[in-house]
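Engineer: Here are the chains, one letter per residue:
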Amino acid sequence: MDIQEIKRPENLIYQKPKSLLDTPMHYCPGCSHGVVHKLIAELVDEMGIQEKIIGVAPVGCAVFAYNYVDIDWQQAAHGRAPAVATAIKRLMPDRYVFTYQGDGDLAAIGTAETIHAANRGENITIIFINNGIYGMTGGQMAPTTLKGMITSTSPHGRQVDINGYPLNITPLLALLDGTCYVTRQAVHTVAAVRKAKKALQKGFENSMLGKGTSVIEIVSTCNSGWKMTPDASNKWMVENMFPVYPLGDLKDNG
Amino acid sequence: MENKEEIRLMKGNEAIAEAAIRCGCDGYFGYPITPQSEIMETLMDIEPWKTTGMVVMQAESEVAAINMVYGGAGCGKRVMTSSSSPGISLKQEGISYIAAAELPCVIVNVMRGGPGLGTIQPSQADYFQSVKGGGHGDYRLICLAPASVQEMADLMGMAFDLAFKYRNPALIIADGVIGQMMEKVVLPPQKPRFTEEEIIKLCPWATVGKPETRNRNQNVITSLCMDPVEMEKINEHLQEKYRSIEENEVRFEETNCEDADYVIVAFGSVARISHKAMEMARKHGIKVGLLRPITLFPFPKKEIERLAKRVKGFLTVEMSAGQMVEDVRLAVNGKVPVEFYGRLGGMVPSPDEVVEALTSKFVK
Chain A
124 MDIQEIKRPE NLIYQKPKSL LDTPMHYCPG CSHGVVHKLI AELVDEMGIQ EKIIGVAPVG
184 CAVFAYNYVD IDWQQAAHGR APAVATAIKR LMPDRYVFTY QGDGDLAAIG TAETIHAANR
244 GENITIIFIN NGIYGMTGGQ MAPTTLKGMI TSTSPHGRQV DINGYPLNIT PLLALLDGTC
304 YVTRQAVHTV AAVRKAKKAL QKGFENSMLG KGTSVIEIVS TCNSGWKMTP DASNKWMVEN
364 MFPVYPLGDL KDNG
Chain B
67 MENKEEIRLM KGNEAIAEAA IRCGCDGYFG YPITPQSEIM ETLMDIEPWK TTGMVVMQAE
127 SEVAAINMVY GGAGCGKRVM TSSSSPGISL KQEGISYIAA AELPCVIVNV MRGGPGLGTI
187 QPSQADYFQS VKGGGHGDYR LICLAPASVQ EMADLMGMAF DLAFKYRNPA LIIADGVIGQ
247 MMEKVVLPPQ KPRFTEEEII KLCPWATVGK PETRNRNQNV ITSLCMDPVE MEKINEHLQE
307 KYRSIEENEV RFEETNCEDA DYVIVAFGSV ARISHKAMEM ARKHGIKVGL LRPITLFPFP
367 KKEIERLAKR VKGFLTVEMS AGQMVEDVRL AVNGKVPVEF YGRLGGMVPS PDEVVEALTS
427 KFVK
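Going down the list, the sequences are from chains A and B. Numbering-wise (my numbering), the first sequence opens with residue 124 and increments by one. Numbering-wise (my numbering), the second sequence opens with residue 67 and increments by one.
Among the hints, a few may not be true.
[As the list claims (entries may be wrong)] Straight-line alpha carbon distances no greater than 20 Å define the calculated DMTMM-like cross-link-like pairs of lysine to aspartate or glutamate that follow:
| # | chain 1 | residue 1 | chain 2 | residue 2 |
| --- | --- | --- | --- | --- |
| 1 | A | 141 | B | 278 |
| 2 | A | 358 | A | 375 |
| 3 | B | 116 | A | 217 |
| 4 | B | 267 | A | 362 |
No lab work stands behind these hints, which were simulated from the structure alone.
Given only the sequences and the hints, what does the whole structure look like? Please build it.
Structural biologist: Set out below in structure tokens:
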């Protein structure tokens, strides 16, 4: 079997999702964003929901999410994605509406919007990329930055007496009556990617069942911000992030 | 709710709420603040979601409310928010994004005295914030200034029409007097809300979901553009739009300006007070006219320029330290004196004070 034969459509067992645009991604090699974007595009294809889904992009690295996933998008002001998504879903209840937010967006500047949208039980899906750092602005301390972790605004490591504790916001969201599904996933191994995809699908499906808000946290790497190779980042995440942000379902109302 | 014209006695704030429903508004998002809370209270009491399907939401903050407006407007819906001065300050980031993304929406500011938390009494000191931009970047709002409860109702529909005509936020800039006082008002008949098919036709840019069947690119609502060459083009496009608004949408009301020696320029409730002052001055034989801008942006500068060629002077009266007077002076361009009289911090000028200001500054 030569290469041309292998490439024939009937022999393909894997291809780029239709809903993933050809624009080269600006994400750094090794960054988790690209994998999560691909999962969203795969789900849009598999669930056949391209004309029923509206994404809300954050401020941060994923501000350009609309360049990669071929659906209608709104780009929200920093932290306000849950408010933007609230209105879209209330005004068009038969649409799948999700936000895609980083830790600075969701857990610092947008804490109020996040908690109140979740507490109202808005039927939206919140995808939360937690890499413990501000990627887009060049590696500053995030609310989720670990104790002792070095960033450009905590160059001697995050010190609790100066910077406070890492904000573990996902368990807090699980406490709210408005959330129906709160889970924490990662995309560092094939198995983890498959689990994360199932979680995202469940989040999307929930938004049509009127059960409330779904929150899917993806504990992620930022190898550029962390100043590590992609491989070392994955290892560092497993050893340092997972103990503070353990993977698994925090809440599932079925 | 009646499907026909209806005459009622009501507060300005209540008229805003009633008119919003009747002009086919899809969604209201607000946060309580005096002196405009009756707008949301009235909507919550009427429960329009049971009749027209209009969504009414009390947000967790003014910031959230304006971003809900962004989300709704991005879907081509007729959405609005209302607040009063400190709350409008909080909304400025969102308003800048809405203007930049060229989304239509209506914002109502029932102004109170500032700066800071200030007072809950009426004021017009948000003029600069309203007509010069308010948030960051080069943008303008279409600013409509009602002077009666009737106009609160009338300008609501006009604000939505202009907002959609130009894909630009429209601001109803009222003051606490207009918001709180009761007057007779003729409410318009109920207009149906736009259907989804109508929205897709009227707003091909709206994010309603990318159809697989119809061949269109994804719709993206954003204000981000990293390329300065492109960003300058976007800015130039916006400026062209604002010039077109200035060319086509100026609205004002003139009383007794034909034979006037002096013209009072005032908007909102101060125009009502100045109207009385004009009548009193005329009884004393002083030929006074009144120019009441209804649009503050676009400002009736051509009309002021025209009047400046033959009157002896202008008196601008405001509930502020003198904000609109700067635009009057720019229009008059030094041809005749432009004087100012204002009260501050929630105080309302009386007609006597306006006549006194007029005579002391001009007639002497």
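Engineer: In ascending order, which of the hints set out earlier in this document are inconsistent with the structure?
Structural biologist: 2, 4
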